[in-house]
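Q: Make a model of the complete structure from these sequences and hints.
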Amino acid sequence: MSMDIFLQQLLNALSLGGTYALLALGLAVVFSIIGLINFAHGELMTVTGYAICFALIWGLPFPLAVIAGLVVAIAAALLMERIAFRPVRGASGTTLLLTSFAVSAILRVLFQNIISARPIPVSIPSSMSGVVTIGPLHLGMIQLISIVVTLVMLLGLNLFLHRTMAGRAMRAASEDFAVLRLMGIRANFVVATAFAISGLLAGVAGLLWVAQRGSVDPLMGALPVLKAFIAAIIGGLGSLSGAVAGGFLLGFIEVILQAYLPDSLLPYRDAFAILLVIAVLLFRPQGLLARKTLVKL
Amino acid sequence: MKKNKLLLISGAFALLASVPAMAEDLVIGLATAQTGGLAPYDQPNLAGLQMKIDEINAAGGIAGKFPIKTIIKDTRSDSAQTALVAQELVDAGAQLIITPCDADPSIAAGMITQGAGIPAISFCATTPTLPLAVGDFMFSNYPADNVQAAMLAAHAIESGYKTAYILTSPDSAYTLKLPQYFGEAFTAKGGTVLGEGTFSMGQQDFSAEVTKIAAMDPKPDVIMTSAYEPDFPAFVRQLRGAGVMTPILGSDGIDSPTTFGLGDLVEGVVFSTAGHATAGSPLEAFNAKWTEKTGAAPDTIYIANGYDLGNIIEAAVTAADSVDPAAIRDGIANLENLQGVTGPITYKGTIGMPLRSVSLVRIKAGDRELVAQGQPDPADIPAP
Numbered sequence: 001m002s003m004d005i006f007l008q009q010l011l012n013a014l015s016l017g018g019t020y021a022l023l024a025l026g027l028a029v030v031f032s033i034i035g036l037i038n039f040a041h042g043e044l045m046t047v048t049g050y051a052i053c054f055a056l057i058w059g060l061p062f063p064l065a066v067i068a069g070l071v072v073a074i075a076a077a078l079l080m081e082r083i084a085f086r087p088v089r090g091a092s093g094t095t096l097l098l099t100s101f102a103v104s105a106i107l108r109v110l111f112q113n114i115i116s117a118r119p120i121p122v123s124i125p126s127s128m129s130g131v132v133t134i135g136p137l138h139l140g141m142i143q144l145i146s147i148v149v150t151l152v153m154l155l156g157l158n159l160f161l162h163r164t165m166a167g168r169a170m171r172a173a174s175e176d177f178a179v180l181r182l183m184g185i186r187a188n189f190v191v192a193t194a195f196a197i198s199g200l201l202a203g204v205a206g207l208l209w210v211a212q213r214g215s216v217d218p219l220m221g222a223l224p225v226l227k228a229f230i231a232a233i234i235g236g237l238g239s240l241s242g243a244v245a246g247g248f249l250l251g252f253i254e255v256i257l258q259a260y261l262p263d264s265l266l267p268y269r270d271a272f273a274i275l276l277v278i279a280v281l282l283f284r285p286q287g288l289l290a291r292k293t294l295v296k297l
Numbered sequence: 001m002k003k004n005k006l007l008l009i010s011g012a013f014a015l016l017a018s019v020p021a022m023a024e025d026l027v028i029g030l031a032t033a034q035t036g037g038l039a040p041y042d043q044p045n046l047a048g049l050q051m052k053i054d055e056i057n058a059a060g061g062i063a064g065k066f067p068i069k070t071i072i073k074d075t076r077s078d079s080a081q082t083a084l085v086a087q088e089l090v091d092a093g094a095q096l097i098i099t100p101c102d103a104d105p106s107i108a109a110g111m112i113t114q115g116a117g118i119p120a121i122s123f124c125a126t127t128p129t130l131p132l133a134v135g136d137f138m139f140s141n142y143p144a145d146n147v148q149a150a151m152l153a154a155h156a157i158e159s160g161y162k163t164a165y166i167l168t169s170p171d172s173a174y175t176l177k178l179p180q181y182f183g184e185a186f187t188a189k190g191g192t193v194l195g196e197g198t199f200s201m202g203q204q205d206f207s208a209e210v211t212k213i214a215a216m217d218p219k220p221d222v223i224m225t226s227a228y229e230p231d232f233p234a235f236v237r238q239l240r241g242a243g244v245m246t247p248i249l250g251s252d253g254i255d256s257p258t259t260f261g262l263g264d265l266v267e268g269v270v271f272s273t274a275g276h277a278t279a280g281s282p283l284e285a286f287n288a289k290w291t292e293k294t295g296a297a298p299d300t301i302y303i304a305n306g307y308d309l310g311n312i313i314e315a316a317v318t319a320a321d322s323v324d325p326a327a328i329r330d331g332i333a334n335l336e337n338l339q340g341v342t343g344p345i346t347y348k349g350t351i352g353m354p355l356r357s358v359s360l361v362r363i364k365a366g367d368r369e370l371v372a373q374g375q376p377d378p379a380d381i382p383a384p
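As given, the protein sequences belong to chains V and F, one line each in that order.
Those letters in the first sequence? Residues 1 to 297, per UniProt numbering, in order.
Those letters in the second sequence? Residues 1 to 384, per UniProt numbering, in order.
Hint data in this document are derived by calculation from the structure and do not stem from the laboratory.
Since the model is a prediction, treat every value here as computed from it, not as a measurement.
Hints may contain errors.
With a Cα cut of at most 25 angstroms, we get these calculated SDA-like pairs of lysine to any residue [what the hints assert, rightly or not]:
| id | chain 1 | residue 1 | chain 2 | residue 2 |
| --- | --- | --- | --- | --- |
| 1 | F | Lys212 | V | Leu265 |
| 2 | F | Lys219 | V | Asp263 |
| 3 | F | Lys348 | F | Thr129 |
| 4 | F | Lys212 | V | Ala271 |
| 5 | F | Lys219 | V | Leu261 |
A: Spelled out as structure tokens, the structure:
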């Protein structure tokens, strides 16, 4: 019995960690190229949610609404780069960080005052509420989808980075942007590609997030981007595989603490989770899978 | 000479200050949230209040002689900003201040208004200790957590539930205390609380908690939680997904279109709320009026709740027959059985948390079914 419960919790950790991994990866892709931690990443998730929501209201079938949501997320990421981040590219890390906070704050206020301050329901097909039972284990449809989607995205990104010209250019850019430009690769192209990938990752994570909660609200992106940030830090900022490892580790820590902390300590779960994160960083100050070279800000 | 000039100037200012903007205007200062985490509650309340104010002013003011002037400032859902805004409103001559839909910023604002001797009313803070923390010039405009909890506990006992599991979040007074009040009231009536689980607000992952509930032995008869969006939908989806079909009791936070959009998942869920539009009720008439005016049916009870705040202000100023802040305070504190659109409202004999009717609603086929309506027996309400 208790072994079953442990396996079930492990599965829970895998699913939560997968979502965190997607989120952290979205931050890491951009950071590895231009040294920006995009705190407006969460708002890309919100944009995806609204896009799916309105597409459904306009009568599109669910799969098309999902595609619309992802397309809008990528477009929003590209716009964000073009309007807000390109003008400050190359500025200090602090400037970039503050710019991303500003983009995030402006978008939230716009959502609140143009769309609605109150959550808007998204009718998720009931097939997504289903459960898969494997022996004694239960796996929610959304949990299953998040595990599968995470694996597919990780595999896809890996292929993209290693097998395509754009992917190779991105990896080269994260090593040395100046040399890459000397090779005749346009900086704008590489940066835009990074944002497009980050938009796609935010879109997928946003879809999973919205499917779980059944509604979109203007402040929806705040918590996930924080988790993504923590996960990216544990993994080692700028390292893509580190972000994935960090995401899974954070999910694992949270689920195991929720499952096995004594009841009297449960209200302090998040504090314990952060303590463990700090402990990891004490032993590996650069994160789990830090790059050998220091990131140039 | 210089001194004389100074005297002259200060004399002129004193003269200016002593001339009221308009002899009998009631100036209401709104230190409420247009942005941030409280905006989903403050905005609809404000919309409802504004409708009542427009009606009052169209009729020449309260009692035909006190037109209402509002000064509205955004608090950004931040407690420090709320205190700052409250000070600005006091300085601008507000005779009554409205504070956000939460105890923390309301207490911050209350520290200013209490000292200035100006009555303050929170849009919909439910924490029953709010007036205790501030003083006799602080009021709220919503059924308190312990009142809702007592209604839910009475329903649980009537339904034959013997054991309960409560799910709380330490992240807010509402999500922590309401289920605990429920536990107290339920135990006092002979029920047993088998356990208390916790969650982090906004986390939306309940899988670990749900796995624990599913493994409970013996299983509770009912689960009570004050989780709301986005946590409640995620919780109920994952709970039912794990095959746990235990009945669920919730509170007014889930009175939202999202909940009703969850279909079969929420079938049979019973929750407490501030009003239910039975046929021929004032609330039904209000909803019709709102729909006619705005073209859309109200999506939350907070709109009617804000409108009722207007009713309270109108009744208190009429009773005071003055716009003097202290007289308005007394007017509010002595209101008894005022017929609002959400039901009767009484402040007399309370510390500032009104006695208001609570409705228990069951979700049935995506619609509302009234289970009970009224006020619990005062002896059954857990002490704040």
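Q: Among the hints numbered above, which are violated by the structure, and what are their numbers in rising order?
A: Of the numbered hints given earlier, the structure breaks none, since each of them holds.
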